[in-house]
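Undergrad: Spelled out, the chains give:
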Amino acid sequence: MNRSMTAAENSYPMEPAGLYIHVPFCRRKCAYCDFYSITGTAGLTARWLAALNLEASMYRSSFPAFDTVYIGGGTPSILDADLLEVLMDRVVSWFSLNNGAEITIEANPCDIDQEKILLFQRMGFTRINLGVQSLSADVLQFLGRSHSVETAAAALAQLESKWPHSFGVDMIYGVPGQSENHWLGDLEKALAFGPDHVSCYQLSIEKGTRLYKLHAEGKFRLPGESFSAGLFTATSDFMASHGYMHYEVSNFAATASVKSRHNLKYWHHVPYLGLGPSAHSFDGSRRWWNARSVKRYCDALESNTAPVEGAEVLSESDLTREAVFLGLRTSEGIALELVPETKENLIFLEKGRHMRFLEIRDGKIIPTAKGLLVADYLALSLC
Amino acid sequence: MIVDIRNFSIIAHIDHGKSTLADRLIQAAGLADMRTFKDQMLDTMEIERERGITIKSNAISLPYTDAEGREYELNLIDTPGHVDFSYEVSRALVSCEGVLLLIDAAQGVEAQTVANLYAALEADLEIIPVINKIDLPSADVERVREQIEIDLGLDSDQAILCSAKEGTGIEDVLDAIVRRIPAPERYVDEPLRALIFDADYDPFRGTVVSLRIFSGRIRTGDLIRLMSTGTTHRVEELGVFRLERERRSTLEAGEVGYLIAGIKTVRDTRVGDTITLDERPAPKPLPGFKKVKPVVFSSLYPISSEDYGSLADALEKYWLNDASLVFQKDSSAALGLGFRCGFLGLLHLEIVQERLEREFDQSIIMTTPTVEYHFELAGGKSVVVDNPSYYPDPVTIERSLEPFIRANIMIPDRYMGAVMELCLDRRGVNSHFTYPSPGRIEVQFDMPLAEVVFDFYDRLKTVTQGYGSFDYEILDYRESDLVRVDILLNGERVDALSQIVHKDRARTRALQACERLKEEIPRHMFKIAVQGAIGGTIIARTTIPPFRKDVTAKCYGGDITRKRKLLEKQKKGKKRMKMIGSVTVPQSAFVAVLKSEGK
Numbered sequence: 001m002n003r004s005m006t007a008a009e010n011s012y013p014m015e016p017a018g019l020y021i022h023v024p025f026c027r028r029k030c031a032y033c034d035f036y037s038i039t040g041t042a043g044l045t046a047r048w049l050a051a052l053n054l055e056a057s058m059y060r061s062s063f064p065a066f067d068t069v070y071i072g073g074g075t076p077s078i079l080d081a082d083l084l085e086v087l088m089d090r091v092v093s094w095f096s097l098n099n100g101a102e103i104t105i106e107a108n109p110c111d112i113d114q115e116k117i118l119l120f121q122r123m124g125f126t127r128i129n130l131g132v133q134s135l136s137a138d139v140l141q142f143l144g145r146s147h148s149v150e151t152a153a154a155a156l157a158q159l160e161s162k163w164p165h166s167f168g169v170d171m172i173y174g175v176p177g178q179s180e181n182h183w184l185g186d187l188e189k190a191l192a193f194g195p196d197h198v199s200c201y202q203l204s205i206e207k208g209t210r211l212y213k214l215h216a217e218g219k220f221r222l223p224g225e226s227f228s229a230g231l232f233t234a235t236s237d238f239m240a241s242h243g244y245m246h247y248e249v250s251n252f253a254a255t256a257s258v259k260s261r262h263n264l265k266y267w268h269h270v271p272y273l274g275l276g277p278s279a280h281s282f283d284g285s286r287r288w289w290n291a292r293s294v295k296r297y298c299d300a301l302e303s304n305t306a307p308v309e310g311a312e313v314l315s316e317s318d319l320t321r322e323a324v325f326l327g328l329r330t331s332e333g334i335a336l337e338l339v340p341e342t343k344e345n346l347i348f349l350e351k352g353r354h355m356r357f358l359e360i361r362d363g364k365i366i367p368t369a370k371g372l373l374v375a376d377y378l379a380l381s382l383c
Numbered sequence: 001m002i003v004d005i006r007n008f009s010i011i012a013h014i015d016h017g018k019s020t021l022a023d024r025l026i027q028a029a030g031l032a033d034m035r036t037f038k039d040q041m042l043d044t045m046e047i048e049r050e051r052g053i054t055i056k057s058n059a060i061s062l063p064y065t066d067a068e069g070r071e072y073e074l075n076l077i078d079t080p081g082h083v084d085f086s087y088e089v090s091r092a093l094v095s096c097e098g099v100l101l102l103i104d105a106a107q108g109v110e111a112q113t114v115a116n117l118y119a120a121l122e123a124d125l126e127i128i129p130v131i132n133k134i135d136l137p138s139a140d141v142e143r144v145r146e147q148i149e150i151d152l153g154l155d156s157d158q159a160i161l162c163s164a165k166e167g168t169g170i171e172d173v174l175d176a177i178v179r180r181i182p183a184p185e186r187y188v189d190e191p192l193r194a195l196i197f198d199a200d201y202d203p204f205r206g207t208v209v210s211l212r213i214f215s216g217r218i219r220t221g222d223l224i225r226l227m228s229t230g231t232t233h234r235v236e237e238l239g240v241f242r243l244e245r246e247r248r249s250t251l252e253a254g255e256v257g258y259l260i261a262g263i264k265t266v267r268d269t270r271v272g273d274t275i276t277l278d279e280r281p282a283p284k285p286l287p288g289f290k291k292v293k294p295v296v297f298s299s300l301y302p303i304s305s306e307d308y309g310s311l312a313d314a315l316e317k318y319w320l321n322d323a324s325l326v327f328q329k330d331s332s333a334a335l336g337l338g339f340r341c342g343f344l345g346l347l348h349l350e351i352v353q354e355r356l357e358r359e360f361d362q363s364i365i366m367t368t369p370t371v372e373y374h375f376e377l378a379g380g381k382s383v384v385v386d387n388p389s390y391y392p393d394p395v396t397i398e399r400s401l402e403p404f405i406r407a408n409i410m411i412p413d414r415y416m417g418a419v420m421e422l423c424l425d426r427r428g429v430n431s432h433f434t435y436p437s438p439g440r441i442e443v444q445f446d447m448p449l450a451e452v453v454f455d456f457y458d459r460l461k462t463v464t465q466g467y468g469s470f471d472y473e474i475l476d477y478r479e480s481d482l483v484r485v486d487i488l489l490n491g492e493r494v495d496a497l498s499q500i501v502h503k504d505r506a507r508t509r510a511l512q513a514c515e516r517l518k519e520e521i522p523r524h525m526f527k528i529a530v531q532g533a534i535g536g537t538i539i540a541r542t543t544i545p546p547f548r549k550d551v552t553a554k555c556y557g558g559d560i561t562r563k564r565k566l567l568e569k570q571k572k573g574k575k576r577m578k579m580i581g582s583v584t585v586p587q588s589a590f591v592a593v594l595k596s597e598g599k
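So the sequence lines, in the order shown, correspond to chains A and B.
For the first sequence, the positions run 1 to 383 when the numbering used here is used.
For the second sequence, the positions run 1 to 599 when the numbering used here is used.
These are calculated hints, taken from the structure and not from any lab test.
Keep in mind that a hint or two might mislead.
What the hints assert, rightly or not - A few chain A positions that, by computed beta-carbon distances, are all more than 12 Å from chain B:
1. Lys116
2. Val149
3. Glu150
4. Asn181
5. Lys213
6. His242
7. Gly243
8. Ala300
To be verified - Restraint-style ranges between C-beta atoms, simulated for each label pair:
9. B:Pro546 to A:Lys219: 28 to 34 Å
10. B:Asp361 to A:Val313: 25 to 31 Å
11. B:Lys572 to A:Asp113: 38 to 44 Å
12. A:Thr305 to B:Lys165: 51 to 57 Å
Unchecked claim - In silico lysine-lysine, DSS-like type, Cα no more than 30 Å apart, as pairs:
13. A:Lys351 to B:Lys575
14. A:Lys364 to B:Lys572
15. B:Lys381 to A:Lys343
The structure displayed is predicted, hence computed values, not measured ones.
Glycine included, every Cβ here is placed at the ideal spot set by N, Cα and C.
Given these sequences and hints, build the entire structure.
TA: Written as structure tokens, this is what we have:
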């Protein structure tokens, strides 16, 4: 086995980098969300955008071209037309975009109307990802979402009828008290609008969120492991029966061409540039991350310093380890070469194959749907 | 000028303030100033300082001038407190003429206080009771005085009050040492007899022997003879202990000091042996020498089999400094090549394990500890078994014998019921009670060693809410109905987890072992059956359910670093595990099977 190849060289040759831009503003914080954002725009959007522009200019030479752009957050759809215009026409245009680049924006159902759809279209977006999360009022309330079931359904209907490109939907399941039928019923309602892409995230409790506090106080309990596992499998089966490919732990696509190309870059261990507060970047050997504060982020850039608050240089073994656990999250799996040929690993692979957690074909270790459910365990065992 | 000498030791129950008092005496002698002083001066090992215990004997000579201007050399011999090291303690004690018997003013007399007192009485020492920690709000000096009179049979008017922490009463302690402890006899003209009470390994000088000279004198250059082995060595260096070693050209009767004589390893010397001069040997060695025998046995294996050589080196090096560890090569079907080791007790075992890991950077698996059993077999043969793997074919066994101890337990009387229950549960027999003072009971039980060496002390502490104290002495071997309980993981016997137990206890112990393993072994992607068996008969069973789900829902650009770090941490944890068949077993599992209660 050739142990000197890095993951990026080995599995996904020559894949261009992705650009991520973090919009750190929300109307309100959702109870489960630990992404960095501040509530309200606090008159900071113009300042943030100016800083963002400065930051983009710094990376012009090191990241010349991208073939995906992802505007995430926070709530990017909160930005009004002129700000969005500056973002796309000035910030993004520091870089060259390849032909046929995938350009995604995340949107909250409250923001989707005919006008917004036209704006997104004019701005050149090729993909909208809608944060629906649930089509049940009680679940939306538990999650602390700002929109109603009706608003979500209306936004979906708009996208279905007016949006000419592909769109994705984010859903959350495994909420306390939610039965399997209840969840699949919700999911079916969302599928009725014909999304090209669906992300189904099993609820997890993250530090610093409202749910974390409530959970620590014993206000609710998460479903048990066995039930959660059942939900995961039921979701995978349900999506398959509706023609969606389960291509990553939490992601489903109607066809191969509508997989999230941007997110695949993370799992393929391809370089990405993240701009904005709290955004992470990776150039193939080094990873760095920005200040998790709009103020500190702006202060740094306004005094001509990079807003970077942490960095690490990844060793060859760090890179391999990342490639293994990231790759094992996808239905593409990882190259067999990434796994050392030790006695323990060989025993494990044989056992894993026997138990149908994974398959080995074309020089790859490929997790089955059952394997995706224990992807972290597979990674721990193999790297 | 001839300086007066006093040789003494401090004995105390754990946490009664022995090391703090030693620190104060060192400071009073002017050996350590503010700059060089640190707590627990005499406990030089990291593990001693961390756990607040003394593992090895240590000596220091303290210069002292009394109120009348008379100069003294006060030799303090610090001893371990734990029952595992009782032989070392006894040798250190006979090197003294007197002891400070330290008692916590709040806790009062404890089991180890009594045990220590007996050891001091046996060595015929002058005993000075010292009541420490009188500054505590909960101090009850009158109650302790009463206990000194009644429990210990000593004159409580003679007790000295002090607070080593606050530094009060230290002058009274020093004064009592010189007034009440007799000066050593100084038979300088008789043949040399020096008692080895400790030995240390210095990588540059070889073995440094700690000794007390009872008669005669030694000079640098003398040819000495170790009386138990007859080997001779040329004396390279002599001296006394300050904070560092301080050279002298001569040591003579009554003195305590060290000797370096080109002795390569600590095990070439034996604690308790007598040193004499080759050209004018003493007719008889000093009494009391014995070879210490291990009482607890366990095997050591490297976690990764390629580290066997490195473990062998580490053990050899460790052994240079701790001759009480006994080891020989061993092999296990489950764990590969390793070493069978004998220890003085469970604390000694834990210390060896910890020091090998810390000071020698070894990752090791230690198998289920056991005691030594005797089996009389058909045809008049008999075997000694310290490893369950060598348990004889049951059909050939005519009699089985196991070691018994006498446990001395001291408790406030309200815990009587709980302690009785615990002792009976551990197969205690021949109970005997005394009521040394109102409200306190001393309980004696004869018990199998196997029932007490593991978690008995922990259990006692639990059922007595920390008030119980415990000490034991080895009695004899007694007939017992023994069987071997095997543990099977997914049907495969793991030899390293077998234990020899009393037949009546087999099912309970097997079930305990299965339950502990269920807690210790992480879940796998498959179900693991954990079974206890005697021969082919399954007597206990638990199941470790498989993982159903182990994956984070989200993993995007900002999650990767955190996720990798978590994985690295988990990976490190896995390094402390051993693959047995297809099951990964953590290091902690092997000792955990003996514990009666979970974490």
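Undergrad: Hints first: check each against the structure and report whether it holds.
TA: Results for each hint:
no.	hint	verdict
1	Lys116	24 Å, holds
2	Val149	23 Å, holds
3	Glu150	27 Å, holds
4	Asn181	20 Å, holds
5	Lys213	20 Å, holds
6	His242	20 Å, holds
7	Gly243	23 Å, holds
8	Ala300	18 Å, holds
9	B:Pro546 to A:Lys219: 28 to 34 Å	31 Å, holds
10	B:Asp361 to A:Val313: 25 to 31 Å	26 Å, holds
11	B:Lys572 to A:Asp113: 38 to 44 Å	53 Å, violated
12	A:Thr305 to B:Lys165: 51 to 57 Å	53 Å, holds
13	A:Lys351 to B:Lys575	20 Å, holds
14	A:Lys364 to B:Lys572	26 Å, holds
15	B:Lys381 to A:Lys343	44 Å, violated
Checked against the numbered hints above, the structure violates hints 11, 15; every other hint is satisfied.
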